[in-house]
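As a plain string of letters, each chain reads:
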Amino acid sequence: MVAVASRLTVDCRGRSIRDVNRAIREAMVAGEPSIQVLHPEARHSLAVALLAPVEIRIEGSVGYYCGGMGDGPHVTIAGSAGWGLAECIMGGQVVCRGSAGNGAAASIRGGRVVIHGNAAARAGISLKGGTVLIGGNTGYMTGFMMQKGTIVVCGDAAEGLGDSMYAGEIYVGGRIAGLGNDAVEQPMGEADVTRLGELLEEHALPGDAPRFRKICTGGRLHNFNKHEFDVWRAAL
Amino acid sequence: MCGIVGYFRKADSEGPIGEVMLRMITALGCRGPDSTGLALYGGKRRSGAVVRVKLADQAEPTHQATAILDALAGLGEIRASAVDDGVLRVELGNGAAATVVERAVLRSAPGSEVFSVGRRLDLVKRVGTAAELDASFHIRGFRGTHAIGHTRLATESKVDISHSQPFWAHGRRDLASVHNGHITNYVKLRDLYEMRGHVFYTHNDSEIIPAYLGDRMDQGATLEQALRQSISDLDGTFSYLVATAEELGLAKDGFSAKPLLMAETDEAVVVATEEIAIVAACGPDVHATELPAREVRVWSR
Numbered sequence: 001m002v003a004v005a006s007r008l009t010v011d012c013r014g015r016s017i018r019d020v021n022r023a024i025r026e027a028m029v030a031g032e033p034s035i036q037v038l039h040p041e042a043r044h045s046l047a048v049a050l051l052a053p054v055e056i057r058i059e060g061s062v063g064y065y066c067g068g069m070g071d072g073p074h075v076t077i078a079g080s081a082g083w084g085l086a087e088c089i090m091g092g093q094v095v096c097r098g099s100a101g102n103g104a105a106a107s108i109r110g111g112r113v114v115i116h117g118n119a120a121a122r123a124g125i126s127l128k129g130g131t132v133l134i135g136g137n138t139g140y141m142t143g144f145m146m147q148k149g150t151i152v153v154c155g156d157a158a159e160g161l162g163d164s165m166y167a168g169e170i171y172v173g174g175r176i177a178g179l180g181n182d183a184v185e186q187p188m189g190e191a192d193v194t195r196l197g198e199l200l201e202e203h204a205l206p207g208d209a210p211r212f213r214k215i216c217t218g219g220r221l222h223n224f225n226k227h228e229f230d231v232w233r234a235a236l
Numbered sequence: 001m002c003g004i005v006g007y008f009r010k011a012d013s014e015g016p017i018g019e020v021m022l023r024m025i026t027a028l029g030c031r032g033p034d035s036t037g038l039a040l041y042g043g044k045r046r047s048g049a050v051v052r053v054k055l056a057d058q059a060e061p062t063h064q065a066t067a068i069l070d071a072l073a074g075l076g077e078i079r080a081s082a083v084d085d086g087v088l089r090v091e092l093g094n095g096a097a098a099t100v101v102e103r104a105v106l107r108s109a110p111g112s113e114v115f116s117v118g119r120r121l122d123l124v125k126r127v128g129t130a131a132e133l134d135a136s137f138h139i140r141g142f143r144g145t146h147a148i149g150h151t152r153l154a155t156e157s158k159v160d161i162s163h164s165q166p167f168w169a170h171g172r173r174d175l176a177s178v179h180n181g182h183i184t185n186y187v188k189l190r191d192l193y194e195m196r197g198h199v200f201y202t203h204n205d206s207e208i209i210p211a212y213l214g215d216r217m218d219q220g221a222t223l224e225q226a227l228r229q230s231i232s233d234l235d236g237t238f239s240y241l242v243a244t245a246e247e248l249g250l251a252k253d254g255f256s257a258k259p260l261l262m263a264e265t266d267e268a269v270v271v272a273t274e275e276i277a278i279v280a281a282c283g284p285d286v287h288a289t290e291l292p293a294r295e296v297r298v299w300s301r
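Top line first, the protein sequences correspond to chains D and U. Residue 1 is where the first sequence starts when you use the numbering used here, and the numbers rise one by one after that. Residue 1 is where the second sequence starts when you use the numbering used here, and the numbers rise one by one after that.
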């Protein structure tokens, strides 16, 4: 991380999270471009609902919902994150240097979520846009019911990958323990390799783009077909 | 909600387990403001047992306590006894079987409830916060090898000391568990175990877990085998911890519906519902990871 000279510091110690978030928001209103958050100590709901561009660096591990419901800020977490990292963001970027708990980047509509460690279960669940990049392994049912957007997993994916996904694509560099209902593998096109290669390079993530596998929807769950009842029974 | 924590020292020696556990469950206090409890395991192997009994008559506990002590004296030497907040603690000098101890207590004091019998285990719980638990049972100074703890947000059964966790596996010394989640086939399993003579004291679904594990182990399963089997036999959402005299174990349901993180340091294995409790035990530089669905782990000496 490049050091920024005039960095405002907000210390979480001895303060309520509401108070910390208020301090961050006031600094943003005052035009502060870069804010450093100290001693997060795995507390919840840090740096949420920030709706303008600003650099935020959190010096440690965070609890649930960090960076959630944002649109514009670039949040970097030096440690790990709990459940619901960057949930529902519309834009901006959330980077977690460690690992993330369940439901990372759930329902995001845009922006980018980068997890350098592992993601637990249901990362990118109900994804509605944006890009989720996972440097390590990802847990059970990653990309469950995703509707748009891209998920990149550099390591291994657990069972149920892309279960009932409507659209979008999941690229996996490691082993896939099992695809979810109606998730299918498709060949990597030239455009896929180029785009993936750029994403990996931009975020210094491991892997060789042409060796990734691409998972998409099979389209069989898009419309109910009574002649394919078994497909539905398995999915539901 | 609810919060669970576990701490297992790698060394066989005793450490300040009481103080560490208080820090951890205090950190999870907001997940479970209804009640707090700990199952603490002392390092020194006693030849006898520690017994905790909730007295039925909370207004006049002394009379009942005397009756229980008389009955237990018939089984052997009583090394020490005390009543704190309506709960009797007895240190027995003999190694009588847990079922024999429990039967003697219930016969001498109808309506009372045996919270625990253990060679190493001492189980404390109460309605209220971690600070109140310490005020009642003076656990800050407890030294031991491992422990599990619980903060409860009641969702299905009433808020009182009996319905609080941890729960002990009646009939099996030292086995206790703490659970976050719901066991939805609880009624069915409870019927089954009641037919086999197991006594349930509460309507808390979590009480089924140590009963289930004890039953599996009575039939020859190791703790790890019982934990693995539980993932398909228990229905619902769960992350739970279990401890015996020598082991700490965990199991997580097939959907990873409930959180559970673990971290390992040179000194200990630490597990908790939230990282905040792991930070409280090990400091902010600890590296904690969320465990995957269907995870089973056992640590033993």
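Hints were generated in silico from the structure; no laboratory data involved. Possibly wrong hints are sitting among the right ones.
[As the list claims (entries may be wrong)] Just a few of them, taken from the derived set where beta-carbon distance is under 7 Å, the chain D residues facing chain U:
no. : residue
1   : Glu41
2   : Ala42
3   : Ala49
4   : Ser61
5   : Gly63
6   : His74
7   : Ala78
8   : Ser99
9   : Ala120
10  : Ala121
11  : Gly136
12  : Tyr140
13  : Gly174
We put the CB at the ideal spot given by N, CA and C, even for glycine.
**Prompt:** Hint by hint, which ones does the structure fall short of?
**Reply:** Violated: hints 3, 6, 7, 11 and 13.
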